[in-house]
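Peer 1: Sequence:
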Amino acid sequence: MAEPRTLDRAPPDGPPAADIELLVTFARVGHRAGYPTADLEERLLALAHHLGFKGVQVSSTPTLLDVSFGTIPNQRTFTLRVRPGSVDLDAIARLDDLAHEVLGHDLDARTAVSKLAEIKSRPLQRPWFVWLAAYATAGGAITPVLGGGWRELAGGAVVGLLVGVIAVLTRRWSGADPIVAPLVAVAASFSATVLVKLGLDASPDVVTLAALVTFLPGMTLTIGMRELATQHLQSGVANTANALVQLLGLVFGVGVGRSISTKWFGIPHQPVPHTGFGGLYLAAAVAAGLAFTVTLRAQTRAAIVMCSATMLAILANAGGKALFGTVAGVFVSALAIGLVGGALGNRFHRSPLVFIVPGVLMLVPGSAGFRSVLQLLTGQTVSGIDAGFDTFVTAMSIAYGLMISTLVVSTRLTAADQQPVEVSRPEPSSTNSGGSEP
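Numbering (the numbering used here), first residue to last: 1 to 438.
I should point out that these hints are in silico values taken from the structure, not numbers from a laboratory. By construction, the Cβ of each residue, glycine as well, lies at the ideal position given by its N, Cα and C atoms. A portion of the hints provided could be inaccurate.
Pairwise CB distance ranges, derived in the manner of DEER restraints [to be verified]:
| # | residue 1 | residue 2 | range |
| --- | --- | --- | --- |
| 1 | 172 | 248 | 20 to 28 Å |
| 2 | 248 | 108 | 43 to 51 Å |
| 3 | 323 | 108 | 48 to 56 Å |
| 4 | 106 | 248 | 43 to 51 Å |
| 5 | 259 | 328 | 37 to 45 Å |
| 6 | 171 | 248 | 20 to 28 Å |
| 7 | 130 | 267 | 31 to 39 Å |
| 8 | 266 | 233 | 33 to 41 Å |
| 9 | 108 | 79 | 25 to 33 Å |
| 10 | 343 | 170 | 37 to 45 Å |
Derived DSSO-like pairs (lysine-lysine); straight-line CA-CA distance at most 30 Å [what the hints assert, rightly or not]:
| # | residue 1 | residue 2 |
| --- | --- | --- |
| 11 | 197 | 115 |
| 12 | 263 | 321 |
| 13 | 197 | 263 |
With the sequences and hints as input, model every part of the structure.
Peer 2: Okay, here's the thing in structure tokens:
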């Protein structure tokens, strides 16, 4: 009599269970790390071809992952319920390293699955005071981009520190993610007005937006626009809606904070911000790059790359606007960031997101579309429609710039990712003792 088949391996005419587990686990951990849809699908297809899967189909949305393989009569599908998360550049770098090791035959499936579990369970950790310093630095560094002076810089740093305290504390509460954006927006708006009433001759609007820059969903909206333009409709709609909900949460929070502060202290004075370009911009870009290294959970060694990205974004945006105008300047800036990020990714076999994400975050508050968010946050409803239109035009400019850059500079993992590897499969037999993988 044949022994019963154990459950630690797939049927003999299908892929080994370890290969299946590697593919499915990589999909879940990669989605959690914040890969854009196209990048995640590319990596999954590269791994699937390498492992010898046939008829592979991958569908990724912010809330659902489908991985199918095999011919139609024998197709197997794995559906994963997932949740959208923030970008974790350290996890993305570690996942890219793991993918390269698998594709280079330096890592077998079982070991790769173990490393995936480690990436998921042991994210990059930094002390709480480093996080607070990063939020304060980001709040101060963004103010020159918004046209603020040294007073706005000081106010942005102070309010950014307060925002960081709230963000660090709420991170410990399970299920608190949906309320973090409006909560920090209330605190930022109210505290910015308090600083002005205490004698700081600064623009409370600039201080508020600078302190909230780490919560602006600029990258999410850009990815959503990019996915809509590339026919990833489900992901595009979901990411765009997610970005709009987060933006509305910030608008709601700022509105509540302004309502309270106006009722208690009256309407604050609004100095006209200075919008000229100067050397302070470059210093601010370096400081912002260091802050984003922490808030985006990038590895410390990536700080130089991220500071270079923020500096390039500032210079390209200033030069682009001077030569081509505001909207075209944003497009040229995004194109430059995408080209350099893709080239660096190919050179060092790393994800270009380490360069692209901080660069895009510098374009978000510095461009015309997202600068007009100030009008929405301050209740100027007459210009609200124009501000919303400018926001989407800016997002599309960034998205198309990044898309064209990927056509010019290919960022595929390796040349081997398109070459399926023939994997020997065990012959069907009447018994299966279930030992180690063949």
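Peer 1: All hints are to be evaluated individually against the structure, with a verdict given for each.
Peer 2: Each hint, compared with the structure:
1. In this structure the hint that residue 172 and residue 248 lie 20 to 28 Å apart at CB holds, the actual value being about 25 Å.
2. With their beta carbons about 47 Å apart, residue 248 and residue 108 fall inside the hinted range of 43 to 51 Å.
3. Between residue 323 and residue 108 the Cβ separation comes to about 53 Å, which falls inside the hinted range of 48 to 56 Å.
4. For the hinted restraint 43 to 51 Å between residue 106 and residue 248, the CB-CB distance of approximately 47 Å keeps it satisfied.
5. Separated by about 38 Å at the C-beta atoms, residue 259 and residue 328 satisfy the suggested range of 37 to 45 Å.
6. Against the hinted window of 20 to 28 Å, the Cβ-Cβ separation of residue 171 and residue 248 comes to about 22 Å, which satisfies the hint.
7. Hint check: residue 130 to residue 267, Cβ distance near 37 Å, so the stated range 31 to 39 Å holds.
8. Between residue 266 and residue 233 the beta carbon distance is about 48 Å. The supplied range of 33 to 41 Å is therefore violated.
9. Between residue 108 and residue 79, the C-beta spacing of about 26 Å keeps the proposed range 25 to 33 Å intact.
10. Between residue 343 and residue 170 the beta carbon distance is about 38 Å. The supplied range of 37 to 45 Å therefore holds.
11. Restraint check for residue 197 and residue 115: not satisfied, since their Cα atoms lie roughly 53 Å apart, outside the 30 Å limit.
12. For the proposed pair residue 263 and residue 321, the alpha carbon gap of about 40 Å is over 30 Å, so the pair is violated.
13. Distance hint between residue 197 and residue 263 is fulfilled; the C-alpha atoms sit about 13 Å from each other, no more than 30 Å.
Checked against the numbered hints above, the structure violates hints 8, 11 and 12; every other hint is satisfied.
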